[in-house]
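Participant: Listed below, chain by chain, are the residues.
Protein chains: 2
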Amino acid sequence: MEERYSRNRIYVHPKEQKLIKHFRILLAGAGIGSIIAECALRFGFESITIVDGDIVEESNLNRQNYRMEDIGKSKAEALKKHLLSINPTANITSINTFIDTDNMEELINGHDIAINALDFKSDIPLVFDEWCQKYNIPVIHPYNIGWGGLVIVVKPTGMQLKDFIDGWENFELKLVEHIVNYCKFWEQPKPWIENIIIQYENEKSILPAPQLSIASWIVAGLCTNIIFNIATGQKVKYYPKFHLSSIIDS
Amino acid sequence: MEERYSRNRIYVHPKEQKLIKHFRILLAGAGIGSIIAECALRFGFESITIVDGDIVEESNLNRQNYRMEDIGKSKAEALKKHLLSINPTANITSINTFIDTDNMEELINGHDIAINALDFKSDIPLVFDEWCQKYNIPVIHPYNIGWGGLVIVVKPTGMQLKDFIDGWENFELKLVEHIVNYCKFWEQPKPWIENIIIQYENEKSILPAPQLSIASWIVAGLCTNIIFNIATGQKVKYYPKFHLSSIIDS
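The listed protein sequences derive, respectively, from chains A and B. Residues 3 to 252 in my numbering are what the first sequence spells out, letter by letter. Residues 3 to 252 in my numbering are what the second sequence spells out, letter by letter.
These aren't lab readings, by the way, just hints derived from the structure by calculation. Among the hints, a few may not be true.
If several chains are the same, the list does not tell them apart, and a pair holds so long as it fits within one copy or across any two.
Straight-line Cα separation of at most 30 Å, DSS-like style, residue types lysine-lysine; simulated pairs [unchecked claim]:
1) 17 - 123
2) 206 - 186
3) 75 - 20
4) 243 - 206
5) 164 - 20
6) 206 - 17
7) 239 - 75
8) 186 - 176
9) 239 - 186
10) 123 - 239
11) 206 - 23
12) 237 - 186
13) 83 - 186
14) 206 - 20
15) 75 - 23
16) 186 - 75
17) 136 - 164
18) 237 - 123
19) 75 - 237
20) 186 - 243
21) 123 - 20
Go ahead and model the full structure; you've got the sequences and the hints to work with.
Facilitator: In structure tokens:
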């Protein structure tokens, strides 16, 4: 095993370490995705394509993987630079553009897994999942619920997120409500999430959802574990199952 | 609320955001502590004292918060530089020294919480907890169990880790075995941890325990949440209770 990965021993077999090095991750959206990318790269996933047309803003710094000097710059390029400072021989590609129906198929093709961290400004995140399904690519959906991380994995041959939810407007909110209702049905209510949703819906102006570093870091750990399990052919919980992790519920 | 923390809204009250800014964290050990520090800083904990006499090695890069250019340099200083690149006005102090009985009391004094991520090369981590108890400082113990994060919080007036475990040799291993036995007793066995312990004990040479980025990121999220709860006077699970988080058990 390379010196860099020597402390992965026992947990990760040398053959697995070699395999994941070239397992091609498509990071669609470099917001919450920026934290996942670092955790996955350090673990040993050295092939990452970052696609995001957004630029870094000061308000990202509470939870995303950017520094003061990155403000005003391309997220995809800033993240690439940061990842290469950790591992200069990693195969990191940055594409400073927003994913749309014109470039989507070309961007997806050639990857083994996709992390769908795209903004719901249109139905693009749902169309993205459809294309991944056509190319037989599993899709990981990471969500930041402040004190807790939510991760959903869509199987190429399985159910899609939209199968339970109508339209794309407020999709993430509806998805979280769906999850909360599921938990309630199984007698594991999440009053803290319900309370946050009420406060968010009662805000005077329509603002982007609040998010904390706590959920981003938890989600990064969960996603890296799931990517490893998929890459090595191990069992994974697919949608409609999900992972919700928070110390409030523990 | 400052622009930097604008997306913390709803979860974090402006008064809490102000309060945690000056809540003084002592980071004793900048290994796993290096990941916790970034998550806590981004959340809003702007007063952090980093104490570590160690230097960065290539084998740290699989899970700790360092880059190639940091190799051979002081962990405490490299981490300070990195944290200031995220928030240049934060109050970050780096002390490039190992904690021992001579400097311990002086280092602990003046902090509101301590993260005990010290190496068990002697009984120093246990003596550290005793001094924190004298100064009425809660101590957070973060542990990396590869696929899962373990976090234990020692209350100033409560039980100490050593109350259940004899001696300091192999302390972390004995502690994890203690936790695993506790889980077994309550019919929530953790065969994956037992399996790792057996493999670790069977290694031909005595090596430092293996650790993965996955646990470091999960632990960072948990610890930041716990620090916030302590800072704002909320309920916390103290030792002998603990937090163990992994997707294997979910």
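Participant: None of the hints should be skipped; say for each whether it holds.
Facilitator: Verification of the supplied hints:
no., hint, verdict
1, 17 - 123, "neither (41 Å within a copy, 32 Å between copies)"
2, 206 - 186, "within (28 Å within a copy, 50 Å between copies)"
3, 75 - 20, "between (33 Å within a copy, 29 Å between copies)"
4, 243 - 206, "neither (34 Å within a copy, 41 Å between copies)"
5, 164 - 20, "neither (36 Å within a copy, 40 Å between copies)"
6, 206 - 17, "between (54 Å within a copy, 20 Å between copies)"
7, 239 - 75, "neither (37 Å within a copy, 42 Å between copies)"
8, 186 - 176, "within (15 Å within a copy, 38 Å between copies)"
9, 239 - 186, "both (20 Å within a copy, 24 Å between copies)"
10, 123 - 239, "within (28 Å within a copy, 40 Å between copies)"
11, 206 - 23, "between (47 Å within a copy, 27 Å between copies)"
12, 237 - 186, "both (26 Å within a copy, 23 Å between copies)"
13, 83 - 186, "neither (43 Å within a copy, 45 Å between copies)"
14, 206 - 20, "between (52 Å within a copy, 23 Å between copies)"
15, 75 - 23, "both (28 Å within a copy, 27 Å between copies)"
16, 186 - 75, "neither (43 Å within a copy, 51 Å between copies)"
17, 136 - 164, "within (16 Å within a copy, 56 Å between copies)"
18, 237 - 123, "neither (33 Å within a copy, 38 Å between copies)"
19, 75 - 237, "neither (39 Å within a copy, 41 Å between copies)"
20, 186 - 243, "both (14 Å within a copy, 26 Å between copies)"
21, 123 - 20, "neither (38 Å within a copy, 33 Å between copies)"
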